[in-house]
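What follows is each chain in one-letter form.
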Amino acid sequence: MTTLTPILSENWDREDSYTLEGYRAGGGYEALRKALDTDPDALVDLVKQAGLRGRGGAGFPTGMKWGFLPADNPKPRYLVVNADESEPGTCKDVPLMLANPHVLLEGIAIASYAIRSHQAFIYVRGEVLHVVRRLRRAVAEAYEAGIFGSDVLGSGFDLEVVVHAGAGAYICGEETALLDSLEGYRGQPRLKPPFPAVAGLYASPTVVNNVESIASVPGIVANGAEWFTAMGTEKSAGFGFFSLSGHVANPGQYEAPLGITLRELLDMAGGMRPGHELKFWTPGGSSTPIFTDEHLDTPLDFESVGQAGSMLGTRALQLFDETTCVVRAVGRWIAFYAHESCGKCTPCREGNFWMVQVLDRLERGEGTGADIDKLLDICDNLLGRAFCALGDGAASPVMSSIKYFRQEYVDHYEKGGCPFDHTRSTLWGDRATTTGGNQ
Amino acid sequence: MSEHQNTPGTGADRFPDEVVARLEPDAKEIISRYPRARSALLPLLHLVQAEEGHVSTAGMAFCADQLDLTAAEVNAVATFYTMYRRGPGGDYQVGVCTNTLCAVMGGDEIYSSLKEHLELENGGTTEDGKVTLEHVECNAACDFAPVVMVNWEFFDHQTPETARNLVDGLRLGKDVAPTRGAESLCTWKQASRVLAGFDDGRGGEGVQASGPSLAGLKLARERGWEAPDPDDLPSRPSDEEGGAQ
Ligand SMILES: Cc1cc2nc3c(=O)[nH]c(=O)nc-3n(C[C@H](O)[C@H](O)[C@H](O)COP(=O)(O)O)c2cc1C
Ligand code: SF4
Ligand code: FES
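Protein chains in written order, with our numbering: chain A, 1 to 439; chain B, 1 to 245.
Calculated directly from the structure, the hints in this document are not laboratory data.
Glycine is no exception: its CB is placed at the ideal position from the N, C-alpha and C atoms.
Don't take each hint at face value.
[Stated by the list, open to error] Coverage of chain B stretches by chain A, computed from C-beta distances (three or more under 8 Å per stretch; other residues unrestricted):
(1) 72-81
(2) 102-109
(3) 214-221
[Claimed, not checked] Take a look, some chain B residues computed to stay more than 12 Å from chain A by CB distance:
(4) Ala21
(5) Asp26
(6) Asp175
(7) Leu195
Using the sequences and the hints given, assemble the complete structure.
As structure tokens, this is what we get:
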């Protein structure tokens, strides 16, 4: 049986968990002291040995990314923390930064030292005011304690850290769009290669890592690579947040080894809400193809989820029960992609616009028998043909929902509209005594 | 970004000298945080929004002057990002999450109830200038669905009724506190100033974590589950069970 492994969330039930004092009480910043006595390259090797893979969605090995910085480039190096958290369903970095910002800051200090960077940025989405405050407060505490600034903890290493608030654009979570945004431009993705490691911020060597990836580093330094690999699977080592939301009895953050299954997580979370059954779910946010109850036993690691036809993504498990209309759910996600498309490439800009038209008319009961093929045709022109992964992500919910729930699309045009009573899927749906229309 | 129209800001083309003199030191301070000045553009746009409540032609001209950019360069950036208001709005921006998870959990009902209650369309502002209503995308709080954001602070687990009470309270000037955030709401302009990079000293207010954020930890405490002990490591679970496929 897999059990939970609270690590980054271990101190969240302390009222002062977000203060320097509260963090230090649990051994905080001791890993940094240890790191500063270690050769930077040995730290990169340690993270490689641990097998930490990026927690921001793509799962790229973190140590390998650090190792890609060219040794002979004389330009300054930068660490950029991706705290843009905007993928629908993803809700782990925000509570982490609210409750335990110092574990991220300790990770930043260690990572910067390891890659020999003297300037780090935290690019945090702007729409979370209190997170911005908490981060700034923690950064100020760290400066005061000599953790940031010149001569970090007396080691001779200098580090400046800036908290930078974005301004509302999902695409700025894509690492190259983020860099353009941080340089003061519209956030539009850049052509890769060159990758950020070679030409990132200000065309300098840059590492972009997710909040949770960087926050996982102090534990590895403190406890060793073997501690980390004692959790998870061979190729998906370690732990991560599994964020359960939707029609589940106890939604929330469950920190567990990679490879845990939804069946196990659901059991811990008290099952689906009483009297209802799981219909479909996303393993890793809206950009990952949906799963059904067939996949309850799929180990939630990068390989197994991939083999089962989806992606682990950000472990954002959005769970929907049988009261949910899949066409409506997908329609809303596509409206999101259409709104957030940066407009740079045609398949994404136009494809999402047209998919919204088709999905809306299906939901209104004005669809036809040709609409499913039309959607698949648009996806065909989108998947693998868009400039960045936002476009691929948009095809995921459409294609996977047609694969598992084609009949529901058919019902929408055959029955002349949505066959679901949407009020039944609300948080209060089971409490209501009356049922409304298909609103 | 299809909803971004190029409606120009209202009012004069330049800030009065007094405003420029007051904001310039702030702008310089922001710019000094970055290796290259242009990186300060997003914070500067938040700063001029803190001054006027939206990003006007005058605000953009101020940013352009500070960074030695053209008005067109600044305009191109300001119109790309949804958090910059193109025209005046209310003291409180009420954003109902209607992305899929929240919509299904009741966000749609909350949003339509508020539209009716306030007699507003998306982006509209009440006549008293207090509340601007809009629907927003996923705000990284799905485990607290349905979610409403006011001036980018969290109001978790809303219903149409609590949301109506919330906007009524805002209009009546009552003390309104987010569920996870500062002890009371600040205004839209004050929030914009924090986003520009000027702290209001309130980062220590409010809970560290609550409800769903603690669900897993609480269960682990009850059942005595912990991360492995680094001094007494078990063999890998996948080895024991023959490997997860
Ligand atoms: C449209 C889009 C949005 C993304 N949003 C985020 C995000 O909000 N946070 C994040 O860490 N990564 C996001 N990513 C992934 C980043 O591009 C990048 O892979 C990641 O930040 C690398 O960090 P990691 O290796 O530590 O995971 C997004 C990617 C795409 C295509
Ligand atoms: S896929 Fe979409 S978001 Fe990505 S570059 Fe093309 S238009 Fe922009
Ligand atoms: S869908 Fe509303 S917060 Fe994520």
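The hints, checked one at a time:
| no. | hint | in the structure |
| --- | --- | --- |
| 1 | 72-81 | holds (count 4) |
| 2 | 102-109 | holds (count 6) |
| 3 | 214-221 | holds (count 8) |
| 4 | Ala21 | 24 Å, holds |
| 5 | Asp26 | 15 Å, holds |
| 6 | Asp175 | 17 Å, holds |
| 7 | Leu195 | 4 Å, violated |
Hint compliance for this structure: hint 7 is the single one not met.
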